[in-house]
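Q: With the hints as extra help, turn the sequences into a complete structure.
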Amino acid sequence: MSVNTPISTEQGKFYGLPAAGESKGEKKRLDEMHEAWSQYFRGDLWLAVAEIAKMDPRRIIDLGCGSGAWTIQAALQFPDAQVVGLDMSPLPDRQVPWNMSFQLGDLTKELNLEPNSFDIVHARVVMCHVPNAIEAIQRAANLVKPGGLLLLLDVDMSTMLTTGGSRVHNYISALIPLYQKRGADFEIGRKLQDMMTSLGRFQSVQCHKVSLPFNGKAQDEATSQLSVAIRKSWTRGVQVAGKPPEGFTETIIKEYVEELNEEDCTAVWDVYLCWGRRDRGPE
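Per the numbering used here, the sequence shown starts with residue 1, numbered consecutively.
Just so you know, these hints were derived from the structure itself, not from any lab. Careful, some of the hints might be misleading.
In silico lysine-lysine, DSS-like type, Cα no more than 27 Å apart, as pairs [claimed, not checked]: (1) Lys217 to Lys254; (2) Lys191 to Lys109; (3) Lys54 to Lys145; (4) Lys232 to Lys191; (5) Lys254 to Lys24; (6) Lys209 to Lys191; (7) Lys181 to Lys191; (8) Lys181 to Lys254; (9) Lys109 to Lys181; (10) Lys254 to Lys232; (11) Lys24 to Lys232; (12) Lys232 to Lys28; (13) Lys217 to Lys28; (14) Lys217 to Lys232; (15) Lys109 to Lys145; (16) Lys232 to Lys209; (17) Lys145 to Lys191; (18) Lys254 to Lys28; (19) Lys54 to Lys209.
A: Take a look at the structure:
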């Protein structure tokens, strides 16, 4: 099965990079990023493998699915499930499993999806891009069946301000106003657990923090490999973006990339994986 749909530039309002369906470079970057996370998860979809292993999911949705890489893996791993990829821009033209479908949707608006209808709802590095993230998380939570899982992975870029050198600091300092201008939260990762808990719907929301040193010198080999992949993704993202956005200069971008690629780079990127099982309610 092949997916090939008209191209939309709506995504640019929030994402700041071309959509995967518009750019071969961005599709490649997102696919490589998925592969890096998959290797970190030892070939699985998520860190909470035991939680997913207990399930026999019938419906799965990947919110902000990008290139569709995670969605495709989910469809292959659960061939009896209906797996939906949702994004505000179309998928690239690519082969997808028979049990996978795609739907255009915008997390900043009400979704044309049945509430309480998905066993697994997943979003990776999505909430940091949307304004009023708590509302988007609420919409995601509304889709989860009682007993189902909500899986959120996102970043806290503020750690790069405190750990990086002057060139990284200059870049992130220019990036922050762009997030603030559109109502997005560049620190959303460290707030996810509290946000999910505040909904009052999920049992014992769990959170796992991964600190990724851009020099690739983490405490274990798996995290070191992921750190290197993240660094490559970040620097490639700058190249894919093309024209520098408002507040940036070619010098700021060039020096930022140079520092990230230095062997003694001290910058660290914190990523948070949060998940919870929705309460079943009274029997």
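Q: Are the hints correct? Go through all of them and say.
A: Here's how the hints hold up against the structure:
no. : hint             : result
1   : Lys217 to Lys254 : holds (23 Å)
2   : Lys191 to Lys109 : holds (22 Å)
3   : Lys54 to Lys145  : holds (15 Å)
4   : Lys232 to Lys191 : holds (26 Å)
5   : Lys254 to Lys24  : holds (22 Å)
6   : Lys209 to Lys191 : holds (11 Å)
7   : Lys181 to Lys191 : holds (19 Å)
8   : Lys181 to Lys254 : holds (24 Å)
9   : Lys109 to Lys181 : holds (18 Å)
10  : Lys254 to Lys232 : holds (14 Å)
11  : Lys24 to Lys232  : holds (16 Å)
12  : Lys232 to Lys28  : holds (12 Å)
13  : Lys217 to Lys28  : holds (25 Å)
14  : Lys217 to Lys232 : holds (15 Å)
15  : Lys109 to Lys145 : holds (20 Å)
16  : Lys232 to Lys209 : holds (20 Å)
17  : Lys145 to Lys191 : holds (23 Å)
18  : Lys254 to Lys28  : holds (22 Å)
19  : Lys54 to Lys209  : holds (23 Å)
Of the numbered hints stated above, none is contradicted by the structure.
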